[in-house]
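I would like the entire structure built from these sequences, with the hints used as guidance.
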Amino acid sequence: MRKRVLFIASCAMLAMSTFCQAQNTFLKPDQVANSLELLPPPPQPGSAQFNYDEAQYKWGKMQRITPRGKQAAEDANLGGVGLSNAFSDAFGIKISKEETPEIYTLISRMQEDAGDLSTRSAKNYYMRMRPFMLFGEQSLTPGAEKWLATNGSYPSGHTAIGWATALVLAEINIDRQNEILKRGFEFGQSRVICGVHYQSDVDAGRVVASGLVARLHADEGFCTQLAKAKKEFAKLKKAGKVK
Numbered sequence: 087m088r089k090r091v092l093f094i095a096s097c098a099m100l101a102m103s104t105f106c107q108a109q110n111t112f113l114k115p116d117q118v119a120n121s122l123e124l125l126p127p128p129p130q131p132g133s134a135q136f137n138y139d140e141a142q143y144k145w146g147k148m149q150r151i152t153p154r155g156k157q158a159a160e161d162a163n164l165g166g167v168g169l170s171n172a173f174s175d176a177f178g179i180k181i182s183k184e185e186t187p188e189i190y191t192l193i194s195r196m197q198e199d200a201g202d203l204s205t206r207s208a209k210n211y212y213m214r215m216r217p218f219m220l221f222g223e224q225s226l227t228p229g230a231e232k233w234l235a236t237n238g239s240y241p242s243g244h245t246a247i248g249w250a251t252a253l254v255l256a257e258i259n260i261d262r263q264n265e266i267l268k269r270g271f272e273f274g275q276s277r278v279i280c281g282v283h284y285q286s287d288v289d290a291g292r293v294v295a296s297g298l299v300a301r302l303h304a305d306e307g308f309c310t311q312l313a314k315a316k317k318e319f320a321k322l323k324k325a326g327k328v329k
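Residue numbers for the sequence shown follow my numbering, beginning at 87 and rising by one.
Rather than coming from a laboratory, the hints here were simulated on the basis of the structure.
Nothing here was measured: the structure is a model prediction, and the numbers come from that model.
Accuracy of the hints is not assured; some may be wrong.
[Claimed, not checked] Dumping the calculated SDA-like pairs for lysine to any residue here, alpha-carbon to alpha-carbon at most 20 Å: (1) K324 / A313; (2) K268 / I179; (3) K329 / D175; (4) K147 / Q224; (5) K114 / D305.
This is the structure in C-alpha cells:
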C-alpha cells in the first residue's frame, strides 16, 4: 500500500513539475524551502488542534449564505485574471495585462512558485483528506471537488498564492499595505469558508508563502521583475491613477 502511495505521489510531482515549467516560474523545485521539513504534521482527529479545525469549518459554513461567502467562492478562481482581480481594489489600481503589464507579469509568474513549489513536499507526503470529504458534505465550490479530492489539503496552495501575492504587492504600494495584507489574509480564510481547507492548512500556507517570498528576493530574475513593477507603479502614481 505504501509503495502504491509513493508511486502516485511521484507521478503527481512529475506532473506538477512539468506544469510549473510551462508556467515559467522564477525558481526550481530544489531552490524552495522544503515544506515537509519546515512544517509540523497536520493535526490529527481527536486532538485539540483538530477540534479547532472543526470549529472553524463550522464557522465557515455559516458564512456561505452571506456576502463573505460570495467573496470566498470568487476567491477560488485562480484562472485567467482571477488573482489580479482579487487584489486590484486593495492595491488601489486595476491589475491587468493592459494597464499594469509589469505588475501583472510579476504576480502571475510567481503564482506557481507559491502555490505548488512551496507546498508540494508536505502535500504529497501527508495527502490530507479535505474537510468536505471527511465530513461528507458539499463544499462551496462543488465543481472543483473531483480534482481537489486527488490533491492533498495540507498546506493550502491557494492560501500560499494569496499571501505571497499580498506580501509582494504591499512592498510595491506601501501606502496601502494594510488593505493589501488584509485582502491576502481574507484570501486564505476563503478556503475555510469554501470547506476545501482546514484552518491549519491555511495557517501553514501562510508560513510557506512567507518563506517563498524571502527566497524570491534572492533570485535575480524575480528582483529584476520586481524593479520593473515598482517603476511602473511609480509612474502610475505620479500620473494620479492610483487611489
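Against the structure, the hints come out as follows:
no., hint, result
1, K324 / A313, "holds, 17 Å"
2, K268 / I179, "holds, 16 Å"
3, K329 / D175, "holds, 9 Å"
4, K147 / Q224, "holds, 10 Å"
5, K114 / D305, "holds, 11 Å"
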